[in-house]
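Chemist: What follows is the residue order along each chain.
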Amino acid sequence: MLAGISGTLHSPEGKANYRKPVGYGSALKVSDQQKANAALFGSLVEDSFEDEEESGHKNGKTLRILFQILLGIVLVAVMYASKTYLSNYTIQPALFAPEVVSVFDTLNSIPGDKPVLLAADFEAATYGELSWSSQTLLEHIMRRNLNVVLLSSNPAGTTMLSQQMQSVNQKISNYDLQTQMVNLGYLAGGSTGMQSLSGGLRSALPYTHDFVEAWKSPFLQSVQSLSDFGAVIVISDNAERTRFWIEQIDPGLANTPLMFVISAQAAPLLQPYYQSGQVSGFIAGFNGSLSYEQVFGQPSVSSAHLSSFQAALLFLALLILVGGLVALVRPDPTDRKG
Amino acid sequence: MPDFSSDLIWTIISFILTVAVFSYLFGDNAIFRFVSAVFVGATAGYFAVIIIFQVILPRLVAPIMAGSWITLVPLLLSGLLILKLSPKLARFGNVSMAYLVGVGAAVAIGGAVMGTLIGQIKGTLSDFNTAGAGSPNSSLYIILEGAFMLLGTAATLVYFNFGVKKSDGKRGALTSVFAWIGQFFIAITLGAVFAGVLTTAVTALLERTDYIVATFQSFIH
Chain A
1 MLAGISGTLH
11 SPEGKANYRK
21 PVGYGSALKV
31 SDQQKANAAL
41 FGSLVEDSFE
51 DEEESGHKNG
61 KTLRILFQIL
71 LGIVLVAVMY
81 ASKTYLSNYT
91 IQPALFAPEV
101 VSVFDTLNSI
111 PGDKPVLLAA
121 DFEAATYGEL
131 SWSSQTLLEH
141 IMRRNLNVVL
151 LSSNPAGTTM
161 LSQQMQSVNQ
171 KISNYDLQTQ
181 MVNLGYLAGG
191 STGMQSLSGG
201 LRSALPYTHD
211 FVEAWKSPFL
221 QSVQSLSDFG
231 AVIVISDNAE
241 RTRFWIEQID
251 PGLANTPLMF
261 VISAQAAPLL
271 QPYYQSGQVS
281 GFIAGFNGSL
291 SYEQVFGQPS
301 VSSAHLSSFQ
311 AALLFLALLI
321 LVGGLVALVR
331 PDPTDRKG
Chain B
1 MPDFSSDLIW
11 TIISFILTVA
21 VFSYLFGDNA
31 IFRFVSAVFV
41 GATAGYFAVI
51 IIFQVILPRL
61 VAPIMAGSWI
71 TLVPLLLSGL
81 LILKLSPKLA
91 RFGNVSMAYL
101 VGVGAAVAIG
111 GAVMGTLIGQ
121 IKGTLSDFNT
131 AGAGSPNSSL
141 YIILEGAFML
151 LGTAATLVYF
161 NFGVKKSDGK
171 RGALTSVFAW
181 IGQFFIAITL
191 GAVFAGVLTT
201 AVTALLERTD
211 YIVATFQSFI
221 H
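Quick note, the sequences are listed as chains A and B, same order. Straight run, no breaks: the first sequence in my numbering ends on number 338. Straight run, no breaks: the second sequence in my numbering ends on number 221.
Read the hints as simulated data drawn from the structure, not as lab findings. Honestly, I wouldn't trust all of these hints.
[What the hints assert, rightly or not] Heads up, simulated DSS-like pairs for lysine-lysine below, C-alpha to C-alpha not over 27 Å straight-line:
{"no.": "1", "chain 1": "B", "residue 1": "K166", "chain 2": "A", "residue 2": "K35"}
{"no.": "2", "chain 1": "A", "residue 1": "K114", "chain 2": "A", "residue 2": "K35"}
{"no.": "3", "chain 1": "B", "residue 1": "K170", "chain 2": "A", "residue 2": "K35"}
{"no.": "4", "chain 1": "B", "residue 1": "K122", "chain 2": "A", "residue 2": "K35"}
{"no.": "5", "chain 1": "A", "residue 1": "K216", "chain 2": "A", "residue 2": "K114"}
{"no.": "6", "chain 1": "A", "residue 1": "K171", "chain 2": "A", "residue 2": "K83"}
This structure is a prediction, so every number in the text was calculated from the model and none was measured.
Using the sequences plus the hints, can you model the full thing?
Modeler: Right under this line is the structure:
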């Protein structure tokens, strides 16, 4: 998770193995295009090491940090100015994504006596986004008075998910988490663990998170396999693991719908599974939760932050555009160095 | 005297940690490194507790105590796996490793074939299904859309075929054309993924800054 952030992970060898890239030998059979690519890559690597190696560039480094801080401040200022001064310019979505509407319709069609299986498969880093994305969906489940079973394929998952359930439950007084929710805890084994859910649900997770026999709960008496749930909803931040869920539990679902609440970064890779009918619907990131709030008719966190979100994205798009244009017109780094 | 409830204490700690993470804006610094170490340490400790109480106790210890002797097999395999730590005894752990890799590969390959490969082939074919079309025009639209999807799928797959002809060491003409088309579909996909990553980052920033402002306001009031 921390790889790539300078200073957070230290290799045991220190800097002993790092060096500037060497030029390629004349004996290599490379095309002009490959030489150009190698030179470009070499200049990129060289630039990244120069900051640390050459003390003469301290001024440049200070300027870079100042620029970073300035950009950060401007971005936050844009977000908050848009909330107060630019809220009239916010563009409300007029059409809703079919996958979001499908989640709403599917949830409405679940029989009241069938529990919903909620699986958490996300890291703490994306909890902020996914808690916003899942908030209205969880509220919808509670307003329908559906019983819920929690599990997680990540050790910290059910802790975060049950915290989210408690947070949403504060708004809904007639839903009793003590009797209507069972927390099965951590499902170990990754994709093998997911496969075991299809093979034998009760033997895969015999106890709750606090080591009590799970399947004695009154509303779980009739649940023998995944197909006895009203729906399976996976909350995930990772496209690969989303694929594992589909591949491993789909055979055991029969007619039970499989739905997802996912981070926006995983959405493009889930779309084909929705179009092929393997996934009944999904809510992806901020835009997905915004649509769900509007379809459900309960404006919540996403609606409240829409103007800030749109302004921040517009600002970043402009920044990328300007950065691209500057990179296009400025002299080639290799030319500058002679 | 203010009421120092556990909620308030955790709010203050979260607030301080969030602000400390934002200090990365000033470049790599001691505060950021300290907070990173706290997060990594706390996560590792928490995971260890969860694994002991939610995996080892209920899945290993409880069945053995209940007389399920078959559970001694995973206990034995786990014991052999620990021997991997010693260079002299590491070969005894190969049995456990072979079991883990074999089962993992079988589950992954079986899932990929049945869940993704066959599922996606069915999905691509179902794009041509005109059964629900109301008019000839909509049938034509469905067929065109299906053809476009098929072209995208085939061209993307062809792009990743790096085989060449023996005679001149180059791709065939048809393969080259399809691979060229495939590049556009891959570029669009990567663009969509990048947009998603950006959206996720903005949402996370929004959520955290909102938390900081809300906490700050609650302190003032």
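Chemist: Hints first: check each against the structure and report whether it holds.
Modeler: Here's how the hints hold up against the structure:
1. Distance check on the hinted pair: K166/B and K35/A sit about 25 Å apart at the alpha-carbon level, within 27 Å; holds.
2. A C-alpha spacing of about 63 Å is found between K114/A and K35/A, which places the hinted pair above 27 Å, so the restraint is violated.
3. At most 27 Å may separate the alpha-carbon atoms for a hinted pair to count; K170/B and K35/A meet this at roughly 19 Å.
4. A C-alpha spacing of about 43 Å is found between K122/B and K35/A, which places the hinted pair above 27 Å, so the restraint is violated.
5. Taking the CA atoms of K216/A and K114/A, the gap is about 16 Å. The hint holds against a cut of 27 Å.
6. For the proposed pair K171/A and K83/A, the alpha carbon gap of about 25 Å is at most 27 Å, so the pair holds.
Comparing the model with each earlier hint shows violations of hints 2, 4; every other hint is respected.
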